[in-house]
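Engineer: If you want the building blocks of each chain, they are given just below.
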Amino acid sequence: MRRVLWMSALLMLLSGCTAVQPWERGTLAEPGMELGGDPVDGYVDNHIYFSREAAVGSGGVGGGGCGCN
Amino acid sequence: MAVTDPTPIRGLLAAATATLLGQASAEDYANDWTVNLAFLNYYEPERVNVRSTQVNTSGQISDDARIRAGLVLDSMTGATPSGAVEGANVVSNSGTSGGGFDVDGGSSSTSEFDDTRLAVDLGWEQSYGRMVRINYGAYASVEHDFVALGSSVQGDLDLNNRNTTLTLGLGVETDEAGQRDGSTPEPLSNVDDQSFYGQGERNTYDALVGITQVIDRRTIAQIDYSYSLSLGYHNDPYKVFSRADSDDVEAERYYEARPDSRQRHSLFGSMRRQRDNGDIVGSSLSFYGDDWGVFGATIDSSYRQHLESGRGHFVEPYGRLHYQTAADFYLRSLGMDDDLPEFASADSRLSEMLALTLGLKYSQPLRDWGVLQVRSSYYYQYLIDAVQDGNQAVTFQLGFEFGERYR
Chain A
2 MRRVLWMSAL LMLLSGCTAV QPWERGTLAE PGMELGGDPV DGYVDNHIYF
52 SREAAVGSGG VGGGGCGCN
Chain B
612 MAVTDPTPIR GLLAAATATL LGQASAEDYA NDWTVNLAFL NYYEPERVNV
662 RSTQVNTSGQ ISDDARIRAG LVLDSMTGAT PSGAVEGANV VSNSGTSGGG
712 FDVDGGSSST SEFDDTRLAV DLGWEQSYGR MVRINYGAYA SVEHDFVALG
762 SSVQGDLDLN NRNTTLTLGL GVETDEAGQR DGSTPEPLSN VDDQSFYGQG
812 ERNTYDALVG ITQVIDRRTI AQIDYSYSLS LGYHNDPYKV FSRADSDDVE
862 AERYYEARPD SRQRHSLFGS MRRQRDNGDI VGSSLSFYGD DWGVFGATID
912 SSYRQHLESG RGHFVEPYGR LHYQTAADFY LRSLGMDDDL PEFASADSRL
962 SEMLALTLGL KYSQPLRDWG VLQVRSSYYY QYLIDAVQDG NQAVTFQLGF
1012 EFGERYR
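Residue numbers (our numbering), protein chains in the order written: chain A, 2 to 70; chain B, 612 to 1018.
Fair warning: there could be bad hints in the mix.
If you want the footprint, here are the derived chain B segments under chain A, 3+ residues with CB under 8 Å [said to hold, decoys possible]:
| # | stretch |
| --- | --- |
| 1 | 767 to 777 |
| 2 | 824 to 830 |
| 3 | 854 to 864 |
Examples of chain A residues lying across from chain B (beta carbon under 10 Å, computed) [claimed, not checked]:
| # | residue |
| --- | --- |
| 4 | V21 |
| 5 | G27 |
| 6 | G37 |
| 7 | D46 |
| 8 | V57 |
FYI, nobody ran anything at the bench for these hints, they're computed from the structure.
Yeah, the Cβ is synthetic: ideal placement off N, Cα and C, and Gly gets one too.
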């Protein structure tokens, strides 16, 4: 029951904070507004950090692994 | 859409009309393809130099399917820390992670290497109805001493009038690692004993749940939680640690030993907002923890300042700050009277560290052709209780993207 209440509260919160209609999304659809940023830059950076650090952040599944860590 | 139409607005109107009427033709899909070329030079002074060439392409192949393909070729040379202390008594010298084997290379605490990596990445995004998209991915990465094969599937479900997207992803990867001849040293064995096994194998399973939320007309945010379990061989077959006295005079040298499983958790939050003047602010924060005792926190931010409206002409400074604690079994070196522990590694990547990145990206549209991007960064690692106090790197990246959409 508590879980249902939490889920309901979350959905109410999410629907409450947005009133953005499809025709109002011009800005959000512009290049540069992708949350992941440029995919090539992300790939390069993740590869560098993965090979030089042990605590690598997330943002996706599947590594494209290398023998560098 | 006319391929040779010199008037962009006519092309855009034609595309919009075709989309509205649901009459996109094969020619429209062909026009959607983009190709991205990137060249990267990663340079650590007096250590590593990596030259990387990447080609990526993607495009729509039907009303509800999009594919992408990528190829990466890395050429790696230089020397990296082996884990041994800087003492004068060189017992022997191994190669290094991701590289070959050269007993003559570097100082007593570094090893020279030279290797090439080829990686291929393929993806297919399929829409099922208007609200569900599934991304299927597969990749392979091959070096002389390391092979990785992996696949992933990630589903996105749009809700709340497409203001909310739920994401669920699963991935699996299998790796084979060894020294250049395919062998792996016996963990904790004395380097002088030269005791070796066959290749090491490891499987990794990833899962991710996430939510992306439109906050307002100019702001979008995302939170992901991911879990990863890896089972099998986790050692770096080239890494060693020293038994040394208080003056760092080495008495013996052993191959490292890490646990044969690792569970990682990470929480990642990201936000992007466009200001009234069109500039875009991006930031992310992530926390990481694993059962090796490593905890990490990373903050990342960027500011894209448009030099003219639209068309991709901008400068973008960015920065990143990362902190991590050391793994439970990390040691700088073993004391003269210490017993060999169950697990031990002097790999500085498992040490406590603070890392800073400062970078700048510049994007210049090329008229009716594509876009040229230049990106450079400086990376500094402050290593705590490691043989080397720090490490620094400079990157330079040159990229071109072209496709019909730029015409």
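Engineer: Under the constraints set out in the numbered hints, which ones does this structure not fulfil?
Structural biologist: 3
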